[in-house]
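**Student:** Chains as they are written, first to last, in the working numbering: chain A, 1 to 464; chain B, 1 to 283.
Simulated from the structure, these hints should not be mistaken for laboratory data. A couple of the hints might just be wrong.
As the list claims (entries may be wrong) - Across the chosen pairs, the derived CB separations fall in these ranges:
#: 1; chain 1: A; residue 1: D151; chain 2: B; residue 2: T71; range: 26 to 32 Å
#: 2; chain 1: A; residue 1: S179; chain 2: B; residue 2: P186; range: 58 to 64 Å
#: 3; chain 1: A; residue 1: A346; chain 2: B; residue 2: T259; range: 52 to 58 Å
#: 4; chain 1: A; residue 1: G295; chain 2: B; residue 2: P256; range: 52 to 58 Å
#: 5; chain 1: A; residue 1: A346; chain 2: B; residue 2: E32; range: 48 to 54 Å
#: 6; chain 1: B; residue 1: T65; chain 2: A; residue 2: G380; range: 49 to 55 Å
#: 7; chain 1: B; residue 1: T71; chain 2: A; residue 2: R375; range: 48 to 54 Å
#: 8; chain 1: B; residue 1: N270; chain 2: A; residue 2: P277; range: 18 to 24 Å
#: 9; chain 1: A; residue 1: S179; chain 2: B; residue 2: D258; range: 44 to 50 Å
#: 10; chain 1: B; residue 1: D113; chain 2: A; residue 2: Q394; range: 53 to 59 Å
Note that the Cβ used here is the ideal one computed from N, Cα and C, for glycine as well.
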Amino acid sequence: MTTETFSTLTGSGGGVQFTTTTGAVTYNFDTLATTAQAGSFQGLTSTSFTPPTMTVEAWDAANTTFLGTLDESFGRRFQDEFSGTGSASLSMLATDTDVSLATRTLRWRIGGTYAFASKVEQRRWQTVASGEESDQTVTLSGRGIIAEWDDAVVFPYNGIDARPISDQRGFAWWSPELSTIGWPTATVIHSGVSTLSRLDPPVPDPWFTPIGYAPINDNAGADWIFSAFPPLVAIGSNLFRATFSSAAERVSIYYTASSRCRVWVDGIAIADWTTQPNEESFVTAFRATPYLSSGTHYLAIEVDVQAWTPTLPGFTRGILSAAVYGGGGRGTPYSSANRLLGTSSAWRCLFYPTVFPAPTPGKILSTLLSEAQARGALTGWSLSCTDFVDSAGQPWSDDTAQVFRVGDSLLDVLNQMSDSSIEYRARPVGKVLDVYRKSTVTVATGVSYTAGASLLSLEEDQPL
Amino acid sequence: MSSLRNAILTRFDGGYRTDTVAASISTHGRREAFLSLATLRSSPNVNQTVQQYLSELGSGVTTVTADVVPTTLATTPYVGQWGPGASVTVPRPSNSGTGEVMQVRAMTVSEDDNGVLSFTPELVREAATRRSLVDTNLKRLGAGTLSGRSASATLATDIDPDARSGRTGTTEATFTKDVLEEAESPSYAPTDYYVIQSIFVTLKTSGSTNTTWQVKVNGVAKSFTMIGYGSGTTLTMGAGAGATFGIATGYHLVQPTDTISVEITGVGTNAAGFLCRMTLAEW
């Protein structure tokens, strides 16, 4: 025991640095015996380094209420993983009254610092030697608290009653979760489809009513649009998005493109490519007939533009014409009265994007977490990242699409995303998930280990 | 398992591709691996990702497991305010003990009977963490999963099985008459609900005077617009008109109980070879 006189105190956890009459000195202690204040101070160990000890605390399921310290536990061990669940285990005598406290969450401290939090998922009783007084031990083990994300699953977009229906939940440029704010608006190349039907050459106007386009007297309902003006007909994809509202009904989506396209509604693919690559679609109309639930729907169409051979000189090329009709069906014609949407300058588009955008990881996780919590799952959990920046304040990348299966657990989601776009780690205090942009986590510590001094052993695999 | 890989077969949402590192192949021989980028479609995204993998795997990924003995508070995990995700410097035996900065991927802390803690970090060279535990992922790939740890990665969204889609259903009704006479054709009975969407008319031999005709539904002449020749229930192909003409329809609807016929109401002088082809679109 030493007594020092100090003037300032800095640091946290188990290490506290004092500026004393003899200079800066680092002390280590487990319990602060006296309120720190300037002046004489007792109760500290000497300046020589004392390795920290481990303590384990029992907390409630919410990890917010302290229940007690498991002082008599032994065989304590935890593994704290970056982008993994981790695990922990300890043993106690069955007669230890603290056993009843350790039922939900364990917090692990190194020195005075909370290091890890784990769930009590398994309690195993073991008889050491029958007949002895302390003949039973209880081993408590479980994964890190992030394992609770296993208790919520991916639901369909807009819930179980939503239509269209899919066994997958995608987050990509075509999903509702990706905002199109900031996307340019489309350019109308030909206003309305031609009132004329297609003619054999000479061709007065190639942007005719596609063969099979059945809505009656609604030629003005859908424009031929492009993603920019003047049109630059290069080979590649252009992305178009629009929204519309419908009642709960089966709708008809008419679409055609130059050269071909495919269609999503509410992030669910409803129509594959209209034609093979290098084949033109625009001569004929295509139709998809999904059943939709009532409400707002998000239509996304990818147009794959190929070289136009032979070219039609003198004609400006539109690349997409599409319209959505409701309230009709077999025996009831579609007309302008029941058109829900048609291609127009109000559509949003991306002009030959080099990278297809996708919702940020923060947006994906906040969406799934809020949905789960609305169902009553994952209570108490929060994210320290936002839709725009990660938990370190770095902007998210927005170029990685994710597709999950409905029914995947949110832990599956985290693991899948950690393959490509995130790192994650649960804080030991409370239920906060830190999520970082992958490849950018560089917490330099300045810590350096030296063989023979601070390293007991080192195993290095043979990479070659 | 060696983690060196210099030839990657990649499955992305557009097919397969292979990428190689020639220098590494020359030195170490071809070491292949499979990588799923199932959710990536655009080439720039795929290029970027594959090149990152190759840059890391071309010289192998080193994983180091250390048993460390903290000698100061700063070097003590957690107490020193660092843990998984942080970087530390450790000597690399494969590089004459030269220290290298590596990232802590996991930290195992265990306590012996005397209460002494041991710290065992699992370390990966920082550069390699750009694709985090590639080595592990490849092992998992080898075990049969498609995308690293993603048991559920899929190539693309499946299509709503309830949404039928495809080319709009159409059918054609054709009426021909080689030797023209003023008469009504046999009836065509549609088998579904259709819109008469377009009509093409050809005279194989044009006449020196007009040829007139009507399209009838259930015996009633319907009004159409004929390009360049006006509109009405009686359609006229002028003298000398022997080419193909298109007709914009009035979107007349027909159903299975209806009949469609064509009646020639006036024969042009020497006109012959009448062909009328209607395109009907389902609705």
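**Student:** Each hint: holds or not?
**Tutor:** Comparing the hints with the structure gives:
1. A:D151 <-> B:T71: 26 to 32 Å: Given range 26 to 32 Å: violated, Cβ gap about 42 Å.
2. A:S179 <-> B:P186: 58 to 64 Å: 59 Å, holds
3. A:A346 <-> B:T259: 52 to 58 Å: 43 Å, violated
4. A:G295 <-> B:P256: 52 to 58 Å: Given a distance of about 35 Å, which is not inside 52 to 58 Å, the answer is violated.
5. A:A346 <-> B:E32: 48 to 54 Å: Distance hint for A:A346, B:E32 holds at roughly 50 Å.
6. B:T65 <-> A:G380: 49 to 55 Å: 35 Å, violated
7. B:T71 <-> A:R375: 48 to 54 Å: 50 Å, holds
8. B:N270 <-> A:P277: 18 to 24 Å: 49 Å, violated
9. A:S179 <-> B:D258: 44 to 50 Å: 49 Å, holds
10. B:D113 <-> A:Q394: 53 to 59 Å: 44 Å, violated
Going through the hint list in order, the structure does not satisfy hints 1, 3, 4, 6, 8 and 10.
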